[in-house]
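A.B. asks: First to last, the protein sequences are chains B and S. Mapping the first sequence onto the working numbering, position 203 (from 1) lands on 203, and the numbers just tick up by one. Mapping the second sequence onto the working numbering, position 295 (from 1) lands on 295, and the numbers just tick up by one.
Hints listed in this document are in silico derivations from the structure and should not be mistaken for laboratory results. Owing to the predicted nature of the structure, the values given are computational and were not obtained by experimental measurement. Careful: at least some of the hints might be erroneous.
Copies of one chain are not kept apart here, so a pair can be met inside one copy or by any two copies together.
To be verified - Within a straight-line C-alpha distance of at most 20 Å, the following computed SDA-like cross-link-like pairs (lysine to any residue) qualify:
#: 1; residue 1: Lys175; residue 2: Leu209
#: 2; residue 1: Lys28; residue 2: Trp335
#: 3; residue 1: Lys28; residue 2: Ser82
#: 4; residue 1: Lys90; residue 2: Asp325
#: 5; residue 1: Lys13; residue 2: Glu292
#: 6; residue 1: Lys13; residue 2: Ala333
#: 7; residue 1: Lys175; residue 2: Pro57
#: 8; residue 1: Lys175; residue 2: Thr291
#: 9; residue 1: Lys13; residue 2: Arg189
#: 10; residue 1: Lys90; residue 2: Lys141
#: 11; residue 1: Lys90; residue 2: Gln283
#: 12; residue 1: Lys13; residue 2: Asn164
#: 13; residue 1: Lys28; residue 2: Gln348
#: 14; residue 1: Lys13; residue 2: Ile347
There are 2 protein chains.
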Amino acid sequence: MAAAHEPEVIRDKAAMRAWTRRRRAEGKAVALVPTMGYLHNGHLSLVSAAAAASAGPVAVVVSIYVNPGQFAPTEDLTTYPSDLAGDLRKLAAVFCPPDLYVRAGDGRPDAGSSGGTVSCLEQAGGGYGHETWIRVEQLEKGLCGSSRPVFFRGVATVVAKLFNIVDPDIAVLGKKDYQQWRVICRMVRDLDFAIEIIGSEIVREADCLAMSSRNVHLSREEREKDNNLKALHRTRSARKNGNPCCKCRYDDFVHSMALSISRSLVNARTAALNGNNHSQQIQDQIVQTLTEAGDSSIKQRNFRNPFDVNADCELESLVPLERVDRPAVICVATWFGKVRLIENTEIQAPP
Amino acid sequence: MAAAHEPEVIRDKAAMRAWTRRRRAEGKAVALVPTMGYLHNGHLSLVSAAAAASAGPVAVVVSIYVNPGQFAPTEDLTTYPSDLAGDLRKLAAVFCPPDLYVRAGDGRPDAGSSGGTVSCLEQAGGGYGHETWIRVEQLEKGLCGSSRPVFFRGVATVVAKLFNIVDPDIAVLGKKDYQQWRVICRMVRDLDFAIEIIGSEIVREADCLAMSSRNVHLSREEREKDNNLKALHRTRSARKNGNPCCKCRYDDFVHSMALSISRSLVNARTAALNGNNHSQQIQDQIVQTLTEAGDSSIKQRNFRNPFDVNADCELESLVPLERVDRPAVICVATWFGKVRLIENTEIQAPP
């Protein structure tokens, strides 16, 4: 979905608010697609969903902002992939704000931090910096929240900021980041935002790998830097072929490991729909599929938290279930070297 | 400030949003005065400030909602004073919403709580109830926050909900509740609400007591139920007169104690402006004034936390200061029997 002309690039809050007022005065609904940029076809499917979200005319704006509020100081804020020029070519209207967080030193005589993460800003002195956070207290804790304690706090907060700046009627989020989607839905309900949230389905590559900005790190170049993956590849090659110089191609090896996530979810879903609905059994089956793909030596090779499988969670609250006997979602997170991939599958109507 | 005609009473969210759209279409700015009802002249001064907040026409709406999200289960939610009929006579447009919190059992087959506080709802099971809270992480901790840990979380959250429902251009809050005012200012800045917050000055009774809904509990009838106050009165009478049947009137006694707060603040402010700006000295002087008014035997008589004096805090961050050498606020909270009274004084331009 390429823009036919130069995109409209909005760079500050006041201009963004004025843009929305103009579009609304033209009788259009305003739809926001919040992103961190480096857009792929998954993002563009959100833009299409936004444009089609109302029977009447819709003005769609995509925000591009790598949110320092959702990264812990140890995480990859500075290496998050970026391609603003490429992104702009794909869009019609873009909100590219400057830093959205007030830093302790901003406009104040006392020294303060600037740039970098803001996750722990409330611990810094001064008392002038950003310190307001939105907590969705149960939903933020499970699944990815257990390993990334400030993540959903940062996501909810920046999305609320974007909602207050853009003032949209509609917002579209991808259901690939399922917990994030549920956190935002709950925040909108609990804080009475007058915004319709649309969850858009997962978009996949031709080979079924779910699209993600982090897939770029699965490239040959990136992977070859990864000693864990190399070691694992050598181990598997040695076992299969009796010598360390294997016949399977390195690219194929990594890609098949990544693909095993979606394969395991398809199998789990089929099993649940056929009445094999014990969560523990479903989980064991997924782990087995992933283990076979990744070789049973993964744990010995120091892969971090190789399989974070949650079979199954209630669809809306994400509370763990013993059986898939009501609408549920199965979530999987896996580290491939330094890349964390997540996927999920909904089971809307279990037998 | 009595309304000349029947007030417009708005009872649900959709009607409230429609009201704001109509007023805005008429070219008016919309100003919100959030209250918990039981209106006194202090509240009505906020309504006047709201009406005068813009050069153009302003439509003012007062919300009346005793927020269950800011009371701890041990606090006085059910006994908070109320007089809706009396309130409505004083106003032109009122938003009186039903319960604004989704309870775990609402519309769900599983049982859940309904009514009562929601401060600790996230600890209950279910996962369907309200669980989104706004934390202003530093400002919420000090002063009143240290004795009421869920209070400012609940205030910030309900004000954000009201902002999202009413969608005002302006909101007016009283500076008597100084920390609350600063919490809301910070939330608005940090979450990018497009709302101008006006802090309205303290309004006093003819005798200088700051107006508060809780003053009603200082009535003779309420006070006579209070054994702590009676005992203190007897002690002081006995000391002064040599016998337990004192000459000072009970009403005057309690009132003079309450008034000692404002007297102590006037004295502290004068001292600071005269260059006696050591916070510890200012604090000691306030405590001395209060102690003289309340008799030095207060602590022995089991008054809870009799003097919660914070001299002095930086004006915006409420960070404690060693000296009043920059804009500051002095805050005092005192228990009189079962009533907690708070007051403050700003020092905008210390010498």
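A.B. asks: Between lysine 175 and threonine 291, at a C-alpha cutoff of 20 Å, which is it: within one copy, between copies, both, or neither?
C.D. replies: neither (25 Å within a copy, 62 Å between copies)
A.B. asks: Can you give me the call for lysine 90 and glutamine 283, within, between, both or neither, at a CA distance of at most 20 Å?
C.D. replies: neither (39 Å within a copy, 62 Å between copies)
A.B. asks: When no copy is specified for lysine 13 and glutamate 292, does a C-alpha distance of 20 Å or less occur within a copy, between copies, both, or neither?
C.D. replies: Classified as neither: same-chain Cα gap 50 Å, cross-chain 54 Å, threshold 20 Å.
A.B. asks: Pop the pair lysine 90 and aspartate 325 into one bin, within, between, both or neither, using alpha-carbon distances up to 20 Å.
C.D. replies: neither (42 Å within a copy, 55 Å between copies)
A.B. asks: Between the shortest in-copy and the shortest cross-copy C-alpha distance, which are at most 20 Å for lysine 90 and lysine 141: within, between, both, or neither?
C.D. replies: Intra 35 Å, inter 46 Å, cutoff 20 Å: neither.
A.B. asks: State whether the alpha carbon distance between lysine 28 and glutamine 348 is at most 20 Å within one copy, between copies, both, or neither.
C.D. replies: Neither, since 33 Å and 46 Å both go past 20 Å.
A.B. asks: For lysine 13 vs isoleucine 347, is the C-alpha pair at or below 20 Å within one copy, between two copies, both, or neither?
C.D. replies: So lysine 13 and isoleucine 347 fail the 20 Å test inside a copy (40 Å) and across (33 Å) alike.
A.B. asks: What label fits lysine 28 with serine 82 when the C-alpha limit is 20 Å: within, between, both, or neither?
C.D. replies: So lysine 28 and serine 82 fail the 20 Å test inside a copy (31 Å) and across (44 Å) alike.
A.B. asks: First find the shortest C-alpha distance between lysine 13 and alanine 333 inside one copy, then the shortest across copies, and answer within, between, both or neither for a cut-off of 20 Å.
C.D. replies: Answer is neither; intra-copy 35 Å and inter-copy 39 Å both fail.
A.B. asks: Between the shortest in-copy and the shortest cross-copy C-alpha distance, which are at most 20 Å for lysine 175 and proline 57: within, between, both, or neither?
C.D. replies: neither (24 Å within a copy, 45 Å between copies)
A.B. asks: When Cα atoms must be at most 20 Å apart, do lysine 13 and arginine 189 count as within-copy, between-copy, both, or neither?
C.D. replies: between (24 Å within a copy, 12 Å between copies)
A.B. asks: Within a copy, between copies, both or neither: which one fits lysine 28 and tryptophan 335 at a CA-CA cutoff of 20 Å?
C.D. replies: neither (43 Å within a copy, 55 Å between copies)
When held up to the earlier numbered hints, the structure conflicts with 2, 3, 4, 5, 6, 7, 8, 10, 11, 13 and 14 and fits the remainder.
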